[in-house]
Amino acid sequence: MNKVLGNKKSIAVFVLPAFIIYAIFVLVPIGYNIYVSFLQTDLMSPSKFVGVKNYINLFKDKTFTGALRNNILMVIGSLIAHLPLALLFGNILFQKIKGSHFFQTVFFLPSVICGVAVGLTWTFVYNSEFGLINKFLEIIGLESLQHVWLADKNLALFCIIVVVMWQFVGYHMVIQIAAMKNIPLSYYEAAEIDGASKWVQFKSITFPLIKPILKVDAVLIITGSLKYYDLVAVMTGGGPNHATELMSTYMFYQGFRTLKYGYSAAIGVILLILCMCSVLLSNFVFRTEQVEF
Amino acid sequence: MKTSTKERVFLVLKYVILIFFTILCLYPLLWLFLSSFKTNSELYSNPWGLPESFSLANYIQAITEGHILQYFGNSVIIAVSAVVIAVLLSSMVSYAIMRMQWKLSKVALQVFLLGMMIPVYAMIVPLFSMFNKMHLLNTHLAVIIPHIGISFPMAIFIMSGFMGALPKEMEEAAVMDGCNIYQIFFKIIMPISQSSIVTVAVVTFINIWNDLLLPQIFLTDSSKMTLPVGLTEFQGQYTTNYVVEIAAVIITIIPSIIVYIWLHKHIMEGMVAGAVKG
Amino acid sequence: MKSIFSKKTTALLLAAAMAGSLLSGCGSGSSGGSKSGSAGSSEEASAQAEGGGSKGGETLTVMCVGTEADSYIDYYNAVAEKFSENNEYGVTVKIDFYENEQYKTKLTTLMASNAVPDIFFTWELSYLQPFVEGGKVVDITSYLDEDEEWKNSFADGTLDLVAYDGKNYGVPTQKSLCVMFYNKQIFEDNGVAVPTTYEEFLNVCQTLKDKGITPMAMCGTDAWIPAQFVQQIAGGMAGDKMFKDICDGNEKWNNATHVKAAQEVKDMADKGYFQDGYIGMGPEESKEQFFAGKTAMYFMGAWEAANIELSDIGENAGAFVLPAYDAQYNNISVGSIDTSFAVSETCKNRDAAVAFLKYWTSQESEDMLLYDCGRIPAGNYEIDESKLSSLMTDILTISNSQVGLTPWWDRQFGAGEGVEFNNTCVAVLGGEDAQIAFDALQQFAEDNADR
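Quick note, the sequences are listed as chains P, R and C, same order. Heads up: the first sequence at position 56 corresponds to 56 in the working numbering, and the numbers run straight through without jumps. Heads up: the second sequence at position 126 corresponds to 126 in the working numbering, and the numbers run straight through without jumps. Heads up: the third sequence at position 166 corresponds to 166 in the working numbering, and the numbers run straight through without jumps.
Do not take every clue at face value.
Derived coverage of chain P by chain C (criterion: at least 3 residues anywhere in the stretch with Cβ under 8 Å from a Cβ of chain C; other residues may be distant) [to be verified]:
no., region
1, 41 to 47
2, 139 to 150
3, 165 to 177
The calculated DSSO-like cross-link candidates involving lysine-lysine, where the alpha carbons are at most 27 Å apart (straight line), are [stated by the list, open to error]:
no., chain 1, residue 1, chain 2, residue 2
4, C, Lys266, P, Lys62
5, C, Lys358, P, Lys153
6, R, Lys224, C, Lys260
7, P, Lys9, R, Lys133
8, C, Lys348, C, Lys358
9, R, Lys224, P, Lys8
10, C, Lys348, P, Lys153
11, P, Lys96, R, Lys265
12, P, Lys215, R, Lys265
13, P, Lys98, R, Lys265
Hints listed in this document are in silico derivations from the structure and should not be mistaken for laboratory results. The beta-carbon is built from N, C-alpha and C at its ideal position, and this holds for glycine as well.
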């Protein structure tokens, strides 16, 4: 047994192909990216080592700080939709309710559609001339509330966040329901006998027991919202006047439009750091305490 | 079963919430679908109602002029090859890490899982310059390879959770029967891990199918582009002819929806198997 | 068993292949982006030559901006076909068209990877500069010097816009400038005449508005479109001296003229001189407003003439130059050379490439582009006015009467200050205070200097 499972050669065959791909195309680029972030380069002319200047400039760059703020708003919006709201849906559907399966299927649906298509769909919904929202406001007589949604610098980002909420609430809900299904039914039966209300059951059984999953889910939500690109690229392209710029779109712009690859790489490094921080943060917030019944 | 009035009110309230969100999920898609049969002027004058006729003109235009089918083919090539390789390699690694006996297995797992935090954006510039030197730019490989690499962390996360929970007896019995490690893996482990493999495959497939950034940067020929990039190109060219654009969006969405409806049980069950292992 | 072994072998081969590429990956990593790529480019060139086929059947590939919706691509293709039919190099020229935004991404990626087609479309000034500095563009000075006649056929100063360090890297094929297109029928029906002063222009707008007609079509999503209008009005307030002063660093971006000009455009928007919802409309959508006769005027580059003549307006289209705010600065317009081409360093058959550009700027093809496609030639040619449509007569009259042209800011300054100027104008239209917005632009310009 140990001879078979401990054979060095077969371990290498199992691990190395994946590890080599992973090392060359994930780990090495990350390291190289950190290196490029200290350069001033357009990948054509000779590059210049500039130390942390790219980073200093980034934090002086109002567009970047704006993009950072937008990303944080995106994280907050996603957290609201994908934790409490998804938990609410999840909790309703977890209890034996008629059509539970149907609702799960429907709510999950938007998350399998590609971001570009979702973005275009909602561009049409937000369209000022024939879009659903303005037409709806017209019908109910609230024409004063009509807007050119995606061109309004105060509303555009909000409009996009709503789409993100819409697209992924079902996805996170399904993860959470999956976690709930792992809880032994006997816990609920016991609580039922004790006369605990649904809310108490949720608070003292469901929530503590799915906490580990919520932690993973929170990491997914935060890193996910730090990485959004498609929706903004399609819906506003970061405009009007950078109002919906995200770190990802700004990185694309600085790299592949203005040819400041070093600057662009520095944005990538900051994104990486933020993603790592989000893991620490979720670990802290969802730290598991001793659960007593 | 006695139901109090309070519970009944709650039940109604629950259904109101659920049905409201169901409409929110489905209506934009339904509206889009109906609009795809309209003419441009109908779209403005009658955005709510049914189209005057279910004419396929917009679809025909999207396919013939928009090269949607070509993009579709490219998307299939890229997504399928990346998924097959990613699933095979990541299940091998997961197996090796969870079941085989070597000192660095836990370290290896950590190194792979670390990748979950890495945003693709932090790799774009280096990958670009690497593929440039390797003459891989503007080939499907330039999109397939990084997608394989990026998919490992999540795939290994899900599968290692699953494989760690498998009973040891099976392997022991197989060893008794004289199976070697490859037979154990391909004949026993792979088949019983089917549900987690399907999950990984579907999640990876959806990610790759939907990705915009990598093909947008690494591919330059429009004959090699994938659907999402094709759609953005469409957006630039047909900004006034909305209905054709809408038809193109529908063509892009439909395969995802079909795959989803066909496999949604697997997807959701897979999530139970995978994500819950946290 | 056999199948298992073959799988193992495959895995090992894969691993070996990957390890090999790891080394080359690292090699490229250590050299960074610093190689200007002479070795790389010659490799590329030979690779291209292999792909290009044997002598005589060679293909020159041109990369150009355009979509199937643009009427001009047929004429550009016609130029390529004519040259391909008969040239001493026996080459065939093929033009690939890409949508504007796609084009920019593609060109930058192709440049970095030394895979640019033989000839590529470029904007003048700052756009071409990094590629020139990166050694990606062929210096064509000697070709111009050899052929004095060709060199002298370009209008004064046009070649300078694609020259860097005194060397020529590009060939401008057209000139362009912004004009105010108008719908003669609408003007006539509402009893308004082409304005000759700025006050008259505002009166025309107000009169049309009062009669329920939207005066102008405007696009808000593509920032350069409102920005060129602001630039035009600013030029009419302070002349081209302010433009030069900003270029030389003697004037600030947040000068009173810019603030006032942006405010002026914002006022027009507030008075309803642009169509409803313009701020969310893309260029095609807003163009359509004018084409369909829903708006009376449309401020745009003269390159749009052919599309307008093909639209519902047809013969009813006219053009005038926007009267200056301060009459002493009349006839200073936003304009520059247009549709320039450059030869890529990777191009193997440079003589043929230059010959093609020479053909493009010859009287024969420029005539075709002018008379059939409404493109103003970059060179000084005799023009047969009888062959011109009335719209093109208007445009050429305007073009010839200009005393100064100021290139679009985003061509002068590129993706830095130029694009931010555009964004600033959109911000003002979106309701931001003009002074604050331009102060921010000035701040950006100062920060951007050492980025």
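Each hint tested on the structure:
1. Beta-carbon proximity to chain C at under 8 Å applies to 7 residues in the region 41 to 47 of chain P; the threshold of 3 is reached and the given coverage holds.
2. Coverage of a stretch by a chain is defined here by at least three residues with a beta carbon nearer than 8 Å to that chain's beta carbons; for the region 139 to 150 of chain P and chain C the count is 3, and the condition holds.
3. Closer than 8 Å: that is the beta-carbon criterion, and the region 165 to 177 of chain P has 0 residues meeting it against chain C, so the requirement of 3 is violated.
4. For the hint linking Lys266 of chain C to Lys62 of chain P, the alpha-carbon distance of about 24 Å falls within 27 Å, and the restraint holds.
5. Pair hint Lys358 of chain C plus Lys153 of chain P does not hold up; C-alpha atoms about 47 Å apart against a cutoff of 27 Å.
6. For the hint linking Lys224 of chain R to Lys260 of chain C, the alpha-carbon distance of about 48 Å lies beyond 27 Å, and the restraint is violated.
7. For the proposed pair Lys9 of chain P and Lys133 of chain R, the alpha carbon gap of about 32 Å is over 27 Å, so the pair is violated.
8. Proposed proximity of Lys348 of chain C and Lys358 of chain C is supported: the alpha carbons are some 17 Å apart, at most 27 Å.
9. A threshold of 27 Å between alpha carbons decides the hint, and for Lys224 of chain R with Lys8 of chain P the separation of about 41 Å lies outside it, so the pair is violated.
10. With a CA separation close to 49 Å, the supplied pair Lys348 of chain C and Lys153 of chain P exceeds the 27 Å bound.
11. With a C-alpha separation of about 18 Å, the suggested pairing of Lys96 of chain P with Lys265 of chain R holds against the 27 Å cut-off.
12. This hinted pair checks out: Lys215 of chain P and Lys265 of chain R have alpha carbons roughly 25 Å apart, not beyond 27 Å.
13. Restraint check for Lys98 of chain P and Lys265 of chain R: satisfied, since their Cα atoms lie roughly 18 Å apart, inside the 27 Å limit.
Hints 3, 5, 6, 7, 9 and 10 from the list above are not met by this structure, while the remaining hints are.
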